[in-house]
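Residue numbers (our numbering), protein chains in the order written: chain A, 1 to 200; chain D, 1 to 235.
Bear in mind the hints are in silico, worked out from the structure with no lab data behind them.
Mixed in with the good hints there might be a few duds.
If the Cβ cut is set under 8 Å, some of the chain A residues that face chain D in the computed set are [claimed, not checked]:
| hint | residue |
| --- | --- |
| 1 | Pro-45 |
| 2 | Ser-91 |
| 3 | Asp-137 |
| 4 | Pro-139 |
| 5 | Arg-140 |
| 6 | Ala-142 |
| 7 | His-143 |
| 8 | Glu-147 |
| 9 | Pro-150 |
| 10 | Cys-195 |
| 11 | His-199 |
| 12 | Tyr-200 |
Lysine to aspartate or glutamate pairs mimicking EDC-like chemistry, simulated, CA-CA at most 20 Å apart [claimed, not checked]:
| hint | chain 1 | residue 1 | chain 2 | residue 2 |
| --- | --- | --- | --- | --- |
| 13 | A | Lys-187 | A | Asp-169 |
| 14 | D | Lys-156 | A | Glu-90 |
| 15 | A | Lys-155 | D | Asp-165 |
| 16 | D | Lys-156 | D | Asp-171 |
| 17 | D | Lys-61 | D | Glu-18 |
| 18 | D | Lys-156 | D | Asp-194 |
| 19 | A | Lys-114 | A | Asp-169 |
| 20 | D | Lys-210 | D | Asp-73 |
| 21 | D | Lys-163 | D | Asp-136 |
| 22 | D | Lys-156 | A | Asp-169 |
| 23 | D | Lys-65 | D | Asp-10 |
| 24 | D | Lys-61 | D | Asp-10 |
| 25 | D | Lys-163 | A | Glu-147 |
| 26 | D | Lys-159 | A | Asp-194 |
| 27 | D | Lys-159 | D | Asp-90 |
| 28 | D | Lys-163 | A | Asp-176 |
| 29 | D | Lys-65 | D | Glu-213 |
| 30 | D | Lys-65 | D | Glu-50 |
| 31 | A | Lys-187 | D | Asp-90 |
| 32 | D | Lys-159 | A | Glu-147 |
| 33 | D | Lys-13 | D | Glu-37 |
| 34 | D | Lys-159 | A | Glu-90 |
| 35 | D | Lys-156 | D | Glu-213 |
| 36 | D | Lys-163 | A | Glu-90 |
| 37 | D | Lys-156 | A | Glu-147 |
Keep in mind it's a predicted model, so treat the numbers as computed, not measured.
For glycine and all other residues, C-beta sits at the position ideal for the given N, C-alpha and C.
Listed below are the residues making up each chain.
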Amino acid sequence: MPAWLVLTLLALGATACVDAPFSERQQAERVLQRSRWGTSSVYTPARTGLADAARTHFGLRAEPVQPFAYSHRVHLAQEMACTDCHQGVESGPRAGLPGMNTCMTCHAAIATEKPLVQAMTKMQAEGRDFAWARVYDYPREAHVRFEHAPHIRAKVECSTCHGDMRQQDVARRVVDMDMAFCVNCHKQQQASNDCLTCHY
Amino acid sequence: MAHRWGMVVDLDKCTGCEACVTACHAENNIPTAGAVEAGRGRAMHWLRVERYWEGDFPDVKVKFKPVMCQHCDNAPCEAVCPTYASHQTDEGLNAQVYNRCIGTRYCANACSYNVRFFNFFNPQWEKPLHLQLNPDVSVREVGVMEKCTFCVQRIKSGKTAAKADGRELQDGDIQPACVQSCPAGAIIFGDLNDPESRAARLTHSPRGTKLLEDEGTEPKVTYLQRQSWNEPDTQ
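So here's chain A without its partners, still in its complex pose (with noise of 0.2 Å):
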């Protein structure tokens, strides 16, 4: 069969279901299938594109651009610890990203003279906060749920999963957190290896 005539046939095919008549409901039904598949007003976990799953596939990701040129290497010189910013790591889930206020404590008072410390005090007169981009995540389908807290309890160092903060200017990831890797420190540190402790 040639392939204009495979075309045509399609092609009638394909208008002769469009017109055939629809029910109010089946034509609502038509509307939220073809939004299962990603447009902008639904949420799904579906892909959007072909380029999209692909990029996840082959775990290629942009790295964050941040709100704010903020410096961990600077305020790690001064001696400061990781908790006095991500203050929920000890006690919960998530570590916690700092807001405008947590900056505001110090910065306050201290070098209020540097350009950066009078443009975020421009920013809090102004209302506005940090909308900080996350730099460590799981992609979606690998169903990970990670607790920082039992982390800390058991001694193990931020560095370990998250590089040396006092070298990095914006964090960057600097680490490769696949599931050998996680699997490997529960291995040494007799930690579980059930699936459900990590996958829910």
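For chain A, the structure is supplied; the task is to place chain D on it using the hints.
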């Protein structure tokens, strides 16, 4: 001693209000299928309230029975899974590992209680409803099975909180969403290995029965009722 999580449902207290169903959906990011897909048997409810009518109107007696995964000791779903996605944890939970699941649906067919559900579609929520999804629970994608986990995220966070306070886990510290939301207090959750826990004591109640007990699945959910479910009402 390791925990062994179990549940007791007091049918004499249950009023069939379905608060547990709603709480379960909200806690565990369970999508709603919609009328058409539900008609095709694709509705997903990790916990459902079964309703039984006895007698003819107006002399009817209605009975309600909340049914969730029974977390069987001898679970038929586990034996049939080719990828070990369905397995028993050290704490007696019948776990479903979404990463391993390849969607054969053998487990749903093997399950005697019809409490395993297949994701026929990627779940979806109209924005901004996606902002109310529970971040402690994954959103399952198309092609995997899912089921009641006894709110394993709450079990984990309860343990974490107890350890952070430097104390032992108390009976009642951990409440799955259905237990927490039940206004009648009809659902009780606890450690069956702790003889002092409410759930362990009620498991041995003379009112207790288990669903499809004669199949030998050895469920960890006990149903309390003044009379046996199968016997006719003699009152």
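Here is what the structure says about each hint:
1. Pro-45: holds, 5 Å
2. Ser-91: holds, 5 Å
3. Asp-137: With Cβ-Cβ at 11 Å, over 8 Å, it is violated.
4. Pro-139: Violated, about 11 Å.
5. Arg-140: holds, 7 Å
6. Ala-142: holds, 7 Å
7. His-143: holds, 4 Å
8. Glu-147: Holds, because the Cβ-Cβ distance from Glu-147(A) to chain D comes to roughly 6 Å (cut-off 8 Å).
9. Pro-150: holds, 6 Å
10. Cys-195: Because about 4 Å separates Cys-195(A) from the closest Cβ in chain D, which is inside the 8 Å limit, the hint holds.
11. His-199: holds, 6 Å
12. Tyr-200: It holds, given that the least Cβ distance between Tyr-200(A) and chain D is near 5 Å, below 8 Å.
13. Lys-187(A) / Asp-169(A): violated, 33 Å
14. Lys-156(D) / Glu-90(A): Holds, at about 15 Å.
15. Lys-155(A) / Asp-165(D): Distance ~17 Å between Lys-155(A) and Asp-165(D) Cα, so the pair holds.
16. Lys-156(D) / Asp-171(D): holds, 14 Å
17. Lys-61(D) / Glu-18(D): The hint holds at about 18 Å.
18. Lys-156(D) / Asp-194(D): Holds - the C-alpha atoms of Asp-194(D) and Lys-156(D) are around 18 Å apart, at most 20 Å.
19. Lys-114(A) / Asp-169(A): holds, 16 Å
20. Lys-210(D) / Asp-73(D): Distance of about 12 Å is within 20 Å: holds.
21. Lys-163(D) / Asp-136(D): holds, 19 Å
22. Lys-156(D) / Asp-169(A): violated, 34 Å
23. Lys-65(D) / Asp-10(D): Within the cut-off at roughly 9 Å; holds.
24. Lys-61(D) / Asp-10(D): holds, 17 Å
25. Lys-163(D) / Glu-147(A): holds, 13 Å
26. Lys-159(D) / Asp-194(A): Measuring from Cα to Cα gives roughly 16 Å; hence the hint holds.
27. Lys-159(D) / Asp-90(D): holds, 15 Å
28. Lys-163(D) / Asp-176(A): violated, 29 Å
29. Lys-65(D) / Glu-213(D): holds, 16 Å
30. Lys-65(D) / Glu-50(D): Within the cut-off at roughly 5 Å; holds.
31. Lys-187(A) / Asp-90(D): Between Lys-187(A) and Asp-90(D) the Cα gap is close to 17 Å, so the pair holds against 20 Å.
32. Lys-159(D) / Glu-147(A): Holds, because 12 Å separates the two Cα atoms, which is no more than 20 Å.
33. Lys-13(D) / Glu-37(D): violated, 32 Å
34. Lys-159(D) / Glu-90(A): holds, 14 Å
35. Lys-156(D) / Glu-213(D): Measuring from Cα to Cα gives roughly 30 Å; hence the hint is violated.
36. Lys-163(D) / Glu-90(A): holds, 11 Å
37. Lys-156(D) / Glu-147(A): Holds, at roughly 9 Å.
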